[in-house]
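Following the hints, position chain R against chain P.
Chains P and R are the protein sequences, given in the same order.
Under the working numbering, read the first sequence as residues -8 to 371, first letter to last.
Under the working numbering, read the second sequence as residues -8 to 371, first letter to last.
Source of the hints: derived by calculation from the structure; they are not laboratory data.
It is possible that part of the hints are untrue.
Intra- or inter-copy, both count: the list cannot distinguish identical chains.
[What the hints assert, rightly or not] When the alpha-carbon atoms are kept at most 27 Å apart in a straight line, the in silico DSSO-like pairs for lysine-lysine are as follows:
no., residue 1, residue 2
1, K242, K73
2, K73, K292
3, K73, K272
4, K242, K165
5, K154, K165
6, K272, K260
Number of protein chains: 2
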Amino acid sequence: MDPTSLPPQGRLIYAAGEACADLLYASGVMTPDPFLWYAVPGETGIVMSPLEVGRARKEARQGVRVRSLEQAAQAWQLPQGKRGPVDLVRGLAKTTGIRHWSVPYDFPYGLAMALRRFRLVLTPVAEFFPERAVKSETEVERLRGGVQLAEAGLARALAILRKATIENDRVIWKRKVLTAERLRGEVDAEIARLGGTASHTITAPGPQGADCHMSGTGPIFAHQPIVLDVFPRVDRTGYFGDLTRTVVKGKAAPVVQRAYEVVRTAQRKAIEAVAAGVTGKRVHQLVVDTIAASGFPTDAKAVPPHGFFHGTGHGLGLEVHEAPRLSLGYDQPLVAGNVVTVEPGVYYPEWGGVRLEDVVVVRDGGCENLTTAPFELEIP
Amino acid sequence: MDPTSLPPQGRLIYAAGEACADLLYASGVMTPDPFLWYAVPGETGIVMSPLEVGRARKEARQGVRVRSLEQAAQAWQLPQGKRGPVDLVRGLAKTTGIRHWSVPYDFPYGLAMALRRFRLVLTPVAEFFPERAVKSETEVERLRGGVQLAEAGLARALAILRKATIENDRVIWKRKVLTAERLRGEVDAEIARLGGTASHTITAPGPQGADCHMSGTGPIFAHQPIVLDVFPRVDRTGYFGDLTRTVVKGKAAPVVQRAYEVVRTAQRKAIEAVAAGVTGKRVHQLVVDTIAASGFPTDAKAVPPHGFFHGTGHGLGLEVHEAPRLSLGYDQPLVAGNVVTVEPGVYYPEWGGVRLEDVVVVRDGGCENLTTAPFELEIP
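Excised from the complex, chain P in its bound form (with noise of 0.2 Å):
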């Protein structure tokens, strides 16, 4: 078949730019409330509310049209009253008679049957913006934004550390305990304070830190490793950040300063390895071979699962994991504009986990690592 027989095609989003990285990226406008965006043949929109519309036009990505809803509707000639996204689509499709749309895997079904019932055709996509994973250098600079953020966060976190005193290995500041609880809250202060959002972030005490999902409580001991991983969002720009470093407040075990030395060469190996070209396979091939070799064991098959046993690294941008990814499963080339994280670690039940993790931009011949924070593993 003739590829220019095709019918015509548009594609639509319907969202909230806060909550949908998709729209986020096509539209550049963030909002609490769910609008929509359209792209067909020759133009791409967003359709505003009167209450958003002043502020659309000023944050919106350079190419994008925004139509106040009132302009969509004399424009798409709606009927009075019949302001919805489903009349708003409608009225689109009338006017550019196009009837076959792509929309986004997430897109909402019960709008999406509404549109069915008018004859629309609607193609969900698994990714609808592959071209994500390329980072502008307009992006680039907005990562090292939410890098920065992570890295303020976790300045506070050593701050805190520094100036805690041990008795009878607990770790006391401020004449209290130092609860895990205490120091996240101070590292997400630290982030809100400079305009960013941080979420779940780990502030996991010993063995805790051998659980990846486990965000940390109660009190935290001396001499024993402490996960810190942070991972805001920048505000103004929605792009995140992402930085882990392991402290021991005190003396390190022995074990630990050994995990500690294997888990940084590890990273240091994986980094000089990222290039364009370079499989995210090989990469994290690279970290698991590093670290079979030193003697730390793995079985992720275990309860619980015990050495490294997840990806090496994972896409950063305007969601905090999205592709590409450093991991067995993925044997595409990394290529230049790609932004990951490379976070080695290991775990171990008895003792807890050393993770360490810096984000890097992959550029051609190597990486750049927007990654600033320095590596120590004790605190005096």
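What follows is chain R alone, placed relative to chain P:
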């Protein structure tokens, strides 16, 4: 048709507990990753990844069966390696013989289409849990926790404004001009420190306060109203607080003083009127009439609009805006256990806005105010 002869129906949600209030309500489990919730005759349950299943067993709502992915795969006889949401629902449908499923309006369209290919019938439902509008006493206590977080954020803002000095009509704090951004950062930081997350906190100085969707930017000037609207989420429970006060650093202009009195009177009358059996429309009309009688003019269609042009209040729970509403369109009677904001305001582009907001629980014969923050317009 005899209703007992209807085919058996099931219910499904597939989302992240954190992003989907319905799922959090149904399961009690808050995760960043999506999971499946189902209800079939005789069983309500969730299916969790190996990493989340332990935590889910602790946090799940009473009566919700927590199955690990492997347990579900075994019970529903999934083929080896088939563990995705489509596989799970197909297995559950086969085991129970249920073909008809209701799902939330925003169920992922891509997943729905994949399931329809296996001859399952999915019906989107606009209000999936209408019972969410009626809070249990446990939920009321969680909402009280949200309001207390908001009050702590407000208290921080007021403390800063009290300590600040006035130099050439600018407000100076810690030797620098106090901006809307700095004030917001400090409010959000206080809330983060206490275990909450505040987004879009409004610290809107002067004329910016007249635009309800404006967070506020730039220097705060003395003798001008500042709208402080704080709506944090409690990290542990997912319930929100919501609180607005309007203050002036220095001396309020006579028109602002009068506006404050009118809004406070309207709010007091509305709170006195809220009770089980009263409609949201009636409460709203009382506010409209009170403000109109005061001589403050309203024009909702002007560009920009002025006067009192929004609803009087909205339900508060696992979403910051939910049912019921105190507004013209809402002519069902309130019921005991509804939790609503009461937030009249007046707005004039020349000088800004005054809004005052409390959160109340509808009771028989009246309401209980969860808010304890004082009312003071001027901060010397």
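First find the shortest C-alpha distance between K73 and K272 inside one copy, then the shortest across copies, and answer within, between, both or neither for a cut-off of 27 Å.
-> Between copies only: 23 Å across chains, 51 Å inside a chain, cut-off 27 Å.
Status of K292 relative to K73 across identical chains (alpha carbons, at most 27 Å) = For K73 and K292, only the inter-copy Cα distance (18 Å) is at most 27 Å; the intra-copy one is 56 Å.
Classify it for me, K272 with K260: is the Cα-Cα distance of at most 27 Å met within a copy, between copies, both or neither?
-> Within one copy only: 14 Å inside a chain, 66 Å across chains, cut-off 27 Å.
Is it within a copy, between copies, both, or neither that the alpha carbon of K242 lies no farther than 27 Å from that of K73?
-> Neither. Shortest intra-copy (68 Å) and inter-copy (46 Å) distances fail the 27 Å Cα cut-off.
Indicate which option fits the pair K242, K165 if close means a Cα-Cα distance not exceeding 27 Å: within, between, both or neither.
-> The answer is within: 21 Å in one copy meets 27 Å, while 38 Å across copies does not.
Between the shortest in-copy and the shortest cross-copy C-alpha distance, which are at most 27 Å for K154 and K165: within, between, both, or neither?
-> Both ways: K154 and K165 sit 9 Å apart in one copy and 23 Å across, limit 27 Å.
In the structure shown, a violation is registered for the earlier hint numbered 1 alone.
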